[in-house]
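Chemist: Chain residues, written in single-letter form:
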Amino acid sequence: MNPSMAGSLAEPDYLNHETTVRSWLLTRDHKRIGVMFLVLVIFALLLGGTFAMLLRIELLTPGPTIMGPMTYNRVFTLHGVTMVWLFMIPAIPSAFGNFVLPLMLGAKEVAFPRLNLASVYIYAAGAALTLFGMVWSGADTGWTFYTPYSTTSPTAVTPILLGVFIIGFSTIITGLNFITTTHTLRAPGMHWSRIPLFVWAIYGTSVIQVVATPVLAMVLVLVALERVAGVGIFDPTRGGDPVLFQHMFWFYSHPAVYIMVLPAMGVISEVVCAFSRKNIFGYRMIAASTFGIAFVGFFSWGHHMFVSGQSTFGSGIFGVLSMLVAIFTAIKIFNWVATMYGGAIDLKVPLLYVLGFIFLLTFGGMTGVAVATTSLDVHWHDTYFIVAHFHYIMVGSVLMAFLAALHYWWPKMFGRLFPERWAFVAACTIIFGFIVTFLPQFLLGNMGMPRRYYQYPSEMQWLNVLSTAGASLLAFGFGLIGIYLLWSLRYGKVSPASPWGSRGYEWFSASPPGPHNFREPPRFEREVHDYTVSEAPHVY
Amino acid sequence: MSTETTPWREYFGSRENQSQAAQLGMWIFLGSEVLLFANLFVGYAVYRYYYPEVFVEASHHLAAGWAAVQTLLLVTSSLCVALAVHYIRSGRAFWMGVALLAAMVLGLGFLVIKGWEYWKHWTEGALPGEYYRLAELPERGGSLFFTLYFLLTGLHAVHMLVGLSVLGWLVWGALVGRYTAEYHVPVEVGGLYWHLVDVFWLFIYPLLYLVE
Ligand code: HEM
Ligand SMILES: [Cu+2]
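Going line by line, the protein sequences match chains P and A.
Mapping of the first sequence onto my numbering: position 267 corresponds to residue 267, and the numbering continues sequentially without gaps.
If you want my numbering, it's the 1-based position in the second sequence plus 1000.
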């Protein structure tokens, strides 16, 4: 095929080769499945964001503002549940992983396309059940469902537990599919040492998903059974042990924060290269540290239980193990910075989010080391310091990487460019808004404001007002992004095959890719992101 | 289009590769299943540590003899499944079907015994949580033992039901001539699943019935 023909308009792409509703709902194309997930998780983000705004408005004044205390408990639970289980965990792997992972490997499909479609519907079913619980009467346990309160709360905890349980299956299937795909569907020339770092990150994430999710699934079932049949596993009055719940829950949920953060790191590794015009510094170190994080992540759950009556020795061990994660994370951060150093920096919108990411991750990570120090954590436990910490590290990284990925791969997915200037304004608003929202919460926590409280002493008001102001900026930024992205779908400039001049392997396909990804088998003859060779824009 | 109905999917490049993918996928799935059960094993360990005497006493309420029979049935059925895989590898679809049917009958026998045991516990009141009415054993510990007992054996039974439908589906495939010496990935993968069900029982059986 003549390279100059590449990307010519006449060729059908995965979006327009079939357009019936049925062809979407029953598709086995990983790209369409990725798009379906993208739409679903964006809805989850909107819903969770609405709850967040309600919380922040309530906290605008020291006393009651717009809702009663019981409603407040429900709203913060629904916010946490929606954001964690419906948005952050599936967002990057299920949406972008599905879309670009096979492209990056030169594969035509994922290993099990039918299972892949099933995972969308399982996610949707779980989300529907969760929403049903929310509408019915909401839950007031917090997203962590701590026993024994969650086993006795009169609110609709059971449907929410089961909804999250079902979503877990979707996660396991997706992880299983990605691992198998990476092992068996790499195109000729795609050696293990060439696999793009995004794929490595998704691969590591998938391992955590298949190992940890079943544990969570069982815990949720146990809590549900405890509510329905009073089985007594976590109920002290029946001889059960409520702390056992915390062990099992955090055995999953600590690694779960890496299910969220590792894919984000994968996105960053790609975007950093593309806009620094340089291959990544320390490819092996970044890939290896992914597995270091995944591994150590399984042995640090006890840092959530410093005040649960765990032995001091145990806490000490868990504290030290947790700090190891910081070392692996620092390896990545240094390598990203080293990649940018001496690169031909092109400060486009995706890279802006990378900078936001690096700042938030570093700050959140350092406060993580602080709270992993047992003596300090006793002071900060269950205060806003923790809320600020986990929002910086997990929300900051997932959100920044999600937006980076959305902008970086937007032309790949839809063949249109977004308006750069508007996107730049939105990105600045989001990053600034995020910092203004959560920085005051560190201070509030340090002053002793407990998390999940509805009222606070009036001396703390100005910090709360600041935080709410930041949240409003965030909401404004999101609104802006929504508007210009939707606008660009119709009116945006048609994108060339590789609008950023990126040398990432996924750009070997047309933008948007054809229904079978490639017209001819792609040839991987150089390292990913090799900007030293001059390359004709050949689309396979 | 036609790749949708033929058993070989072109995007795998080669048949070996597709077969490898299927096996790898199944192994990963089995790994996650192990972790699903792991929770209950951990729970068992914890509460056995809290209530050692009660747990030993409670295990005497179980029919260890019948459990030995169950074990025998299950291990034999696993053997049949292994034979089925062996037969189809050399293209003998008929014998594969026969071996799988035998495995199913043995599996059903296992479930019948299990059902009978459950019925006995029901009449005794040896039930989980709120429903516990067994007078001879203290409720603290006793009800936890039976909770874990029902959870472990019940989860196992659910897996057996799934396994039985998988085997039934394979038998049907053998009848319509879907499997040949060249194409038998589903038989191997389904067989793996049945072996896993067997292996779980080999952990559950000593833990609940035998440990003193
Ligand atoms: C729009 C900006 C956001 C604001 C203003 C906000 C605000 C809040 C507030 C006020 C809480 C309750 C803290 C408490 O009472 O304990 C909270 C909790 C939480 N938020 Fe956010 N949030 C925002 C965005 C997000 C996002 C985007 C995510 C996830 C992607 C997220 C995840 C969580 C989690 C996991 C909790 C913990 C819930 C709990 O412990 O009960 N938040 N957030
Ligand atoms: Cu943690």
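Bear in mind the hints are in silico, worked out from the structure with no lab data behind them.
Keep in mind that the hints are not guaranteed to be accurate.
[To be verified] Here are the computed distance ranges between Cβ atoms for each label pair:
id, chain 1, residue 1, chain 2, residue 2, range
1, P, S137, A, A1135, 36 to 44 Å
2, P, T50, A, L1079, 56 to 64 Å
3, A, V1176, P, T71, 45 to 53 Å
4, P, A370, A, W1122, 41 to 49 Å
5, P, V425, A, Y1049, 36 to 44 Å
6, A, W1095, P, N16, 45 to 53 Å
7, A, V1056, P, P450, 53 to 61 Å
[As the list claims (entries may be wrong)] If you want the footprint, here are the derived chain A segments under chain P, 3+ residues with CB under 8 Å:
id, stretch
8, 1029 to 1035
9, 1044 to 1055
10, 1135 to 1146
Computed from a predicted model, the values in this text were never measured in an experiment.
Idealized CB from N, CA, C, for every residue including glycine.
Chemist: All hints, please: hold or fail.
Modeler: Do the hints match the structure? See the list:
1. S137/P - A1135/A: 36 to 44 Å: Given about 38 Å between the Cβ atoms, the range holds.
2. T50/P - L1079/A: 56 to 64 Å: Because 58 Å falls inside the window, the suggested range holds.
3. V1176/A - T71/P: 45 to 53 Å: Because 59 Å falls outside the window, the suggested range is violated.
4. A370/P - W1122/A: 41 to 49 Å: 55 Å, violated
5. V425/P - Y1049/A: 36 to 44 Å: Violated: the Cβ-Cβ distance is about 60 Å, outside 36 to 44 Å.
6. W1095/A - N16/P: 45 to 53 Å: 51 Å, holds
7. V1056/A - P450/P: 53 to 61 Å: Roughly 45 Å apart at Cβ, these two residues miss the hinted range, so it is violated.
8. 1029 to 1035: holds (count 5)
9. 1044 to 1055: It holds: at least three residues are needed, and the stretch 1044 to 1055 of chain A offers 4 whose Cβ sits within less than 8 Å of chain P.
10. 1135 to 1146: holds (count 5)
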